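Protein sequences appear in the order of chains S and B.
Per this note's numbering, the very first residue in the first sequence carries number 1; after that it's consecutive.
Per this note's numbering, the very first residue in the second sequence carries number 1001; after that it's consecutive.
Just so you know, the hints here were simulated from the structure itself, not pulled from any lab data.
Small disclaimer: the values here were computed from a predicted structure and weren't measured.
Cβ atoms here follow ideal geometry from the backbone N, Cα and C, with glycine treated the same way.
One thing to keep in mind: the hints can contain errors.
[Stated by the list, open to error] Have a look at the derived ranges for each label pair, beta carbon to beta carbon: (1) Glu287/S with Ser1152/B: 10 to 20 Å; (2) Ser1237/B with Glu287/S: 45 to 55 Å; (3) Gln1070/B with Pro147/S: 52 to 62 Å; (4) Gln1070/B with Val103/S: 47 to 57 Å; (5) Ser1152/B with His280/S: 15 to 25 Å; (6) Asp1037/B with Leu275/S: 31 to 41 Å; (7) Trp41/S with Val1191/B: 47 to 57 Å; (8) Arg198/S with His1133/B: 25 to 35 Å; (9) Ala1180/B with Val103/S: 42 to 52 Å.
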Amino acid sequence: MVSLMETRTAKELAEVASESDVDRKAGARYPGSVRAQGRFWQARWFIVVRAFSVFIGIWYLVALWVASPIQMPSPFKVLEALIALGRTGELFDHALISATRLVISLVISTLIAVPLGFLMAMNREANAFIDPIVELLRPISGIAWIPLGLFIFGVGGTLPIFIMAYVAFFPLLLNTIDGVKSIDRKLMSAAETMGVSRSARLLHIAVPAALPSVMVGFRIAFASAWAAIIAAELIGSPSGLGFAIEWYRQLLMSPKVFAFIAMIGAIGYLCDLGLRTLQHKLTPWAEGMGIGQ
Amino acid sequence: MNVATMPSKAQPKLRLRNVSKEYVAPRTGQRTLAVSDFTLDVRAGEFLCIVGPSGCGKSTVLNMIAGLDQPTGGDIEMDGHHVRGPGAERGVMFQDYALFPWKSVRDNVGFGLRHGTPGAGLTAAERNDRVNHFVNMVGLAGAEAKFPHQLSGGMKQRVALARLLANGPDVLLMDEPLGALDAQTRMVLQVELLRIWGEAAEEGDRKTVVFITHGIDEAVFLADRVVVMSSHPGRVSAVIDIDIPRPRRESIRSEPRFGQLTDEIWSLIRDEAYQAIA
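Chain S with its partners taken away, still in its complex shape (with noise of 0.2 Å):
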């Protein structure tokens, strides 16, 4: 009976520390994942299908409840509309105008906050200068500006590009001044006892050192640029999704609105998932620290 118990123990605890080792290699990001050879509903791909059925479940219940397809499509009536509007080509075609705005906008706003970022962060009297002007404006939502944009830019794509740029600069500002400040003064330190000039530890030192502060704020300043541009193209554009969204809408074609939407889901989903990769492949010593996450 002891023995039974103290084999037993063993087992367990060999067990929870070669999970705990995974997990730690893993980000601890998905912990059902060790024990994934030989039993599929342990593995990554059936806990995603599964958490998309009982959604969908759901959906398709409420969907049956509502009983209105214009208010409630249900999600095979999207599945059909997507099938449709990918058929045609006019999911891909919004997708990839919305897309290339959110990349221009992403590259302008990146373009000015990251330097400026440095600079308020390495310059007191830049700081003192700058602050105060951002504070202001940081709480006025992106969506307030659109109307004045209809005005400046009229109805286009500038006006999302505006709008967006703007929704991703202060994330990407503030999450930059952030890293700059919290870099380490000794390996400054350690560079100028090294004779280092100051030009290359801001190149060397202070820009990687900055980064994975900064990688953070390009994926918060991506998620709020993809939330906002809906809400520009809505109202101020002839193209994109937003635009596709409104247009179906007012045909009163539902499950086309929600194909849409769906679409929206999934590239901001997808995109997420790129950036991740890319912030685990740019700075991997971040994990290491439990910087960056």
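Given the coordinates of chain S, assemble chain B onto it according to the supplied hints.
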């Protein structure tokens, strides 16, 4: 014949004259005297250890020699020249390694050669050779491609040492470099440090080392001379010659002379050490 150009024995490598350091708290304006009237000559090629109770200003003295911190009084000279700021001729090894986390072992060791003054005039191949030489010397061959977060404490310390040596400084300033290691690793690295210190020099021309430690036995094992500091404010309270012959091996730790010297230093620090924790 060339007497004038030869480095005279009287000329110390480092000369600290009445050095003091006072900190002023930015808000309250309260003044704290961290180091006061610190006078010390460090001879060329000697291994000097500084010991003292916690918070006695050991690190402040080292940072001032490094040029990372400016004295508020007195003067620091190296080879007769006033120390104004940090420079590659005075290399520093920090207590918590201060390795660049985004650089591999190889790139950490070669950082100063690549981006700093020590690499000026060297070709890429020469730099590479130098990096390899020191990586091998500290026993890190095979780990060149690893990153700091993949290394143990002892290995990080080796990387820091190789990085320090690769820059070819004249004076090695070491701030409790073995402080964060476990006792066994520490003893192994002490022996290795002495080997490398003697070996890295050309024909007996050893580098000058200023080594800060809170381990009295470590100081006695490593040093030619031990400076004992007292605190509030930090001052030199005694300088003790360690007359144990070199090369020193593990066995000297059990010799009576080793125990005598350790006791002597401990008796100088003991009262303040008790006060510090009281």
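Next on the checklist: Check the structure against each numbered hint from earlier and tell me which ones fail, lowest number first.
Outcome noted: 6
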